[in-house]
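Asker: Chains A and B, in that order, are what the protein sequence lines are. Residue numbering for the first sequence follows the working numbering, beginning at 1 and increasing consecutively. Residue numbering for the second sequence follows the working numbering, beginning at 451 and increasing consecutively.
It cannot be assumed that every hint is accurate.
[What the hints assert, rightly or not] Selected chain A positions facing chain B (in silico; Cβ < 8 Å):
| # | residue |
| --- | --- |
| 1 | G29 |
| 2 | T257 |
| 3 | M331 |
[Stated by the list, open to error] Below, computed lysine to aspartate or glutamate pairings styled on EDC-like, alpha-carbon distance capped at 16 Å:
| # | chain 1 | residue 1 | chain 2 | residue 2 |
| --- | --- | --- | --- | --- |
| 4 | A | K410 | A | E132 |
| 5 | A | K284 | B | E589 |
| 6 | A | K51 | B | D459 |
Rather than coming from a laboratory, the hints here were simulated on the basis of the structure. Idealized CB from N, CA, C, for every residue including glycine.
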Amino acid sequence: MTGLALAGAGFGLMLMAIFLRVPIAAAMGITGFLGTWVVLGTPNAVLSQLKTLPYDTFASYSLVIVPMFLLMGNIATRSGLSATLFQAAADMAGHRRGGLAMASVAACAGFGAVCGSSLATASTMGQVALPEMRRRGYSGSLSTGVLAAGGTLGILIPPSIILVIYAVLTEQNIVKLFAAALIPGLLAALGYVITVIVYVQISPKAAARGPRQPWHVRWPSLLRTWPVVLIFGLVMGGIVGDWDWTREGTQALFTPTEGAAFGLLATLLHGVTLGGLGVKDIAKAIEESAVATGFIFLVLLGAQLFNTFLAYTQAPRDLAEMILATGWAPMWIIIAMLATYLILGCVMDSLSMILLTLPIFFPIIEGLDTGLTPEQTALWFGVLTLIVVEVGLITPPVGLNLFIVNRLAKDVPITQTYRGVAPFVLSDLIRVGLILALPMIAVWLPGLIG
Amino acid sequence: MQSFEQVVDWLATALAVLGGVVLLAAAVVVCVSVTGRALPGVPSMVGDFELVEMAAAIAVFSFLPRCQLSAGQVSVDVLTEQMPRGVHAAFGLLGHLLLTAVSAVLLWRMWLGFGEKFPFGSETARALLGLGQPPYFTETTYELLIPVWIAHAACLPGAILLVPAGAVAVLRAGRAMGEART
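Work out the full structure: start from the sequences and follow the hints.
Answerer: Put into structure tokens, the structure is as follows:
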């Protein structure tokens, strides 16, 4: 059997296992193990690799960012930051039609700036904003739809866990990836606000107006969001910013790992001093982070084993050569990959999708002539991937954000949430098209970092 | 069996919280190191990189059992949900059995890996524990010269607890299958 056929068989077997409810980490790990056994004719190589592979995979200075950002987000969730953000945004926009929905988007964006996870953002903002919108007579579809979509800002706006994994897998610079995702993330928030405006134009009954708050209410309310501004400024500013103009190039204050450590401790400090966090809350936050971290790292380990198998078959290289030899337009190849993510995203979570496909997609991306430098192409593709895998979180049947928000609104049937989120999915797709057409949106900012 | 589940569950939570404390400690180390670097005249900290890497592995391993018990290992249910409930539940059981088998294999290999780093113990004790031959020299980290077996040992509680945690998940899946039949 050729390497390509073998890899294809392994891939098929793994997908079958995944669709038959085998946990994704186990499906990847077992097929990887068996596949390498078949290629090498003996299990001994993998067995001896397994003695240290788990430790070596987890003991990573870059990947420690993932549990740190998760814990940071979970602590922020419990220290009332989401309510402060929503209150400020609601005071600013509440008097407009659909203003609370716009405020939800803004608050989600703000929370996304200190949280790297979509699910945490959707759930915490849902708890704060949903009762408020329902009380003011917002329709079930708009209020749940906007929160499910807004939740994805948790990952679209850096820091973002998916980007950390992408950076490690493709050996890209995390700092530049964060920078690349910043403008598209802000565009996402803007797109959602515009979607709300159009939404309430078309169905004015979906939303109500509140009283206009005078500035002597607005200012204090805005000022209360300082912890978020400070933490985001410290983390992202410290990682991406230039702190020493006297010296050549960008002198960042610290590395992404250091930024994550500072952000985590700053959030914790704020939580215990001003956020009313007790030991029990911190333990709960750790427990929640443990569940998410455990999943991410076990899938990562499974993917390591599967990739070892793929590498032995040499299929990724052969396939990349085959596809590049066809001479198809780079744009169509990229669009086909993004479409694959959209389809897979209907049934699979973002991380598993990326781990499954990147070993095959990335060698192809590296060989494409997009008119950008190889690094720019990698950043551009990373941002596009990030957006389309996040669309999976808000598309039925398994869009997790939809369920999280819908569970909070007991009187709203899930079909209404599906309907409510549809315009926001459309706004995501328009943004993908925009960034496809204008790669500069993603690659301009990282270009400033020398 | 209820008490077995409760014990494993309690242990998993306790271990996860400990792992969180290790993670926070790593964050403190990093912040101290960065602050020291920024202050003039303070000698820069050596080996923070190594400490953070060790802490990362220890934290992640300590988190794994909690994740397993909270059904944190994601599986794709859309297809099997279309099948009869009993079949759906049976595939759930199969998945958990496979995951538990994977945890057992991981523990087996990691135990051997630990034996290759751990230099102590008489020949009989090592043979009884299945640790194999002791290493010729004690491998240490580069800067702080910490023996690496310590970090590997600190990861073992998580790897060990992952197996009973898997067993609990199998028990639960088995019960779900029983319920689906009735």
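Asker: Each of the hints needs a verdict: does it hold here or not?
Answerer: Consistency of the hints with the structure:
no., hint, verdict
1, G29, "holds, 6 Å"
2, T257, "holds, 7 Å"
3, M331, "violated, 31 Å"
4, A/K410 / A/E132, "holds, 14 Å"
5, A/K284 / B/E589, "violated, 37 Å"
6, A/K51 / B/D459, "violated, 27 Å"
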